[in-house]
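Same order as they appear, the protein sequences are chains G and R. Read in order, the letters of the first sequence correspond to residues 1 to 193 in our numbering. Read in order, the letters of the second sequence correspond to residues 194 to 386 in our numbering.
Any given hint could turn out to be false.
To give an idea of the chain G side of the interface with chain R (calculated C-beta under 10 angstroms), a few residues [claimed, not checked]:
hint : residue
1    : Gly23
2    : Ser25
3    : Leu83
4    : Val134
5    : Phe143
6    : Leu156
Below, computed lysine to any residue pairings styled on SDA-like, alpha-carbon distance capped at 20 angstroms [said to hold, decoys possible]:
hint : chain 1 : residue 1 : chain 2 : residue 2
7    : G       : Lys88     : R       : Lys383
8    : R       : Lys383    : G       : Leu156
9    : G       : Lys22     : G       : Thr164
10   : G       : Lys22     : G       : Trp165
11   : R       : Lys342    : G       : Leu186
12   : G       : Lys190    : R       : Phe343
13   : R       : Lys383    : G       : Ala183
14   : G       : Lys149    : R       : Met365
15   : G       : Lys190    : R       : Glu274
16   : R       : Lys318    : R       : Ser308
17   : G       : Lys96     : G       : Thr164
18   : G       : Lys171    : R       : Asp340
19   : G       : Lys190    : R       : Ser308
20   : G       : Lys149    : R       : Ser366
21   : G       : Lys149    : G       : Phe66
22   : R       : Lys342    : R       : Leu298
23   : G       : Lys22     : R       : Glu244
If you are wondering where the hints come from, they were derived from the structure by calculation, not from laboratory data. Every residue, glycine too, gets a C-beta built ideally from N, C-alpha and C.
Single-letter residue listing:
Number of protein chains: 2
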Amino acid sequence: MKEAPTRKEQIEEKATALFKEKGFSATSMRDLATVLGIEAASIYSHIRSKEEILHRICFRMAHEFFQAIDAAEAAGTTAAERLTEAIKAHVQVITKNTEASAVFLNEWRHLSEPSHSEFLSLRDKYEGRFREIVRTGVQNGEFQVPDEKFAALTILSGLNWLHTWYKPSGKMSPNDIAENLSAMLLNGLKINK
Amino acid sequence: MKEAPTRKEQIEEKATALFKEKGFSATSMRDLATVLGIEAASIYSHIRSKEEILHRICFRMAHEFFQAIDAAEAAGTTAAERLTEAIKAHVQVITKNTEASAVFLNEWRHLSEPSHSEFLSLRDKYEGRFREIVRTGVQNGEFQVPDEKFAALTILSGLNWLHTWYKPSGKMSPNDIAENLSAMLLNGLKINK
DNA sequence: CCTACCGATCGGTAGG
DNA sequence: CCTACCGATCGGTAGG
Numbered sequence: 001m002k003e004a005p006t007r008k009e010q011i012e013e014k015a016t017a018l019f020k021e022k023g024f025s026a027t028s029m030r031d032l033a034t035v036l037g038i039e040a041a042s043i044y045s046h047i048r049s050k051e052e053i054l055h056r057i058c059f060r061m062a063h064e065f066f067q068a069i070d071a072a073e074a075a076g077t078t079a080a081e082r083l084t085e086a087i088k089a090h091v092q093v094i095t096k097n098t099e100a101s102a103v104f105l106n107e108w109r110h111l112s113e114p115s116h117s118e119f120l121s122l123r124d125k126y127e128g129r130f131r132e133i134v135r136t137g138v139q140n141g142e143f144q145v146p147d148e149k150f151a152a153l154t155i156l157s158g159l160n161w162l163h164t165w166y167k168p169s170g171k172m173s174p175n176d177i178a179e180n181l182s183a184m185l186l187n188g189l190k191i192n193k
Numbered sequence: 194m195k196e197a198p199t200r201k202e203q204i205e206e207k208a209t210a211l212f213k214e215k216g217f218s219a220t221s222m223r224d225l226a227t228v229l230g231i232e233a234a235s236i237y238s239h240i241r242s243k244e245e246i247l248h249r250i251c252f253r254m255a256h257e258f259f260q261a262i263d264a265a266e267a268a269g270t271t272a273a274e275r276l277t278e279a280i281k282a283h284v285q286v287i288t289k290n291t292e293a294s295a296v297f298l299n300e301w302r303h304l305s306e307p308s309h310s311e312f313l314s315l316r317d318k319y320e321g322r323f324r325e326i327v328r329t330g331v332q333n334g335e336f337q338v339p340d341e342k343f344a345a346l347t348i349l350s351g352l353n354w355l356h357t358w359y360k361p362s363g364k365m366s367p368n369d370i371a372e373n374l375s376a377m378l379l380n381g382l383k384i385n386k
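Based on the sequences and whatever the hints tell you, model everything.
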């Protein structure tokens, strides 16, 4: 049973769609008001500023990604298993929140200070979690990579285009997608190994 | 010997940096004028509109990517070789034009019709070139992938984060980077193959 | 949640 | 390339 969303949640939801589609700067409060069926001034009864909406979206998503990887890292024993789980977790967060993920990935630069720096620091910490899994794998002989940071960022960027095309109605389920991505990133394209 | 840039080229160059940093919508013609040391109105002696600048950046980069992959595809005999060359070519275009690449990748959605559709169609054609290499590799037994389109897009997205961190002064050269990316994407992380 | 409105800023033009 | 300016629109506030 889904509870009826509060007005504030409705505002955030519609704003997320607009921010993804047109970008934060190109989305006006009048655009948002039109979609909500109210006047622009009325939005300010529920939120303090346009940036507050962006802030809430970005930091909520950051929180979701951390929660997901916390669970994932506890799951596996080998580095390969933990990386596979981390990939699956990341894919699940994106596929469950495609629009918010797009905003999280593309619009954070419109946060002003100090939120901007805080966001970047969170993102860096999250990347560090992947880096750490890769490092362990290299140390115990499971992985072979040119550079741990480089590898972690390549993996993440290989996951982060998902929001551009994923549709719940598609033929691949989130778990299918995660498996395919893990296979590609862990084993590569080549057949003779 | 580099020729002195025309005013139009200077405008494009400064606009590229601003569009990358602040985004197209959040960049005003006054911002651009300030950087150029002239008045906003004076910019219009050289360009027709703000969008024209974006258009020129996006389509020039599209052209660069196509030129690069044309050369790359002629080079190799096996699919693996051609993919490696295509990756190298793509990396070279990005590392030579980090700011314009960022604009090409992130700001194209602010193009109005019909440019918007034309751009997407070019991008799709470019992705098709990678898809085609992957397909050949699968057909002749070199590659094993879950889905050709999926694989091509994962590869490209694994290359397209480069513009966010590459600096010419860094310790990896563009060729080092290309080799590392090819190794990761073709062979995967795992050591026991 | 609305009406009424604010000062600031936007992309762009006219005319030199 | 500048001065002078346009109408439109922006995020946001006052007061109910």
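Quick rundown of the hints versus the structure:
Annotation: Gly23/G was flagged as interfacial toward chain R, and the flag holds, the nearest CB pair being 6 angstroms apart, inside 10 angstroms. With its C-beta approaching chain R no nearer than about 4 angstroms, Ser25/G sits inside the 10 angstroms limit, and its interface hint holds. Taken as an interface hint, Leu83/G checks out: its beta carbon lies about 8 angstroms from the nearest beta carbon of chain R, inside 10 angstroms. Here the hint on Val134/G is kept, as its CB sits about 7 angstroms from the closest CB of chain R, short of 10 angstroms.
At a threshold of 10 angstroms, the smallest CB-CB gap from Phe143/G to chain R is about 4 angstroms, leaving the interface hint in force. At about 8 angstroms, the closest approach between the beta carbon of Leu156/G and any beta carbon in chain R falls short of 10 angstroms, and the interface hint on this residue holds. For the proposed pair Lys88/G and Lys383/R, the alpha carbon gap of about 18 angstroms is at most 20 angstroms, so the pair holds. Between Lys383/R and Leu156/G the alpha-carbon distance is near 17 angstroms, which keeps this suggested pair within the 20 angstroms criterion.
With a C-alpha separation of about 14 angstroms, the suggested pairing of Lys22/G with Thr164/G holds against the 20 angstroms cut-off. At most 20 angstroms may separate the alpha-carbon atoms for a hinted pair to count; Lys22/G and Trp165/G meet this at roughly 16 angstroms. Straight-line distance between C-alpha atoms of Lys342/R and Leu186/G comes to about 18 angstroms, which keeps the hinted pair within the 20 angstroms bound. This hinted pair checks out: Lys190/G and Phe343/R have alpha carbons roughly 15 angstroms apart, not beyond 20 angstroms.
With a C-alpha separation of about 10 angstroms, the suggested pair Lys383/R and Ala183/G falls inside the 20 angstroms cut-off, and the hint holds. Of the supplied pair hints, the one linking Lys149/G and Met365/R holds, its CA atoms being roughly 13 angstroms apart against a limit of 20 angstroms. Proposed proximity of Lys190/G and Glu274/R is supported: the alpha carbons are some 11 angstroms apart, at most 20 angstroms. Our distance criterion of 20 angstroms between C-alpha atoms is met by Lys318/R and Ser308/R, whose separation comes to about 15 angstroms.
At most 20 angstroms may separate the alpha-carbon atoms for a hinted pair to count; Lys96/G and Thr164/G meet this at roughly 13 angstroms. For the hint linking Lys171/G to Asp340/R, the alpha-carbon distance of about 12 angstroms falls within 20 angstroms, and the restraint holds. As the CA atoms of Lys190/G and Ser308/R are separated by approximately 38 angstroms, the hinted pair breaks the 20 angstroms bound. Taking the CA atoms of Lys149/G and Ser366/R, the gap is about 16 angstroms. The hint holds against a cut of 20 angstroms.
Between Lys149/G and Phe66/G the alpha-carbon distance is near 19 angstroms, which keeps this suggested pair within the 20 angstroms criterion. Note on Lys342/R and Leu298/R: the hinted pairing holds, with a Cα-Cα distance of about 19 angstroms set against a maximum of 20 angstroms. Proposed proximity of Lys22/G and Glu244/R is supported: the alpha carbons are some 15 angstroms apart, at most 20 angstroms.
Of the hints listed earlier, the one the structure fails to meet is number 19.
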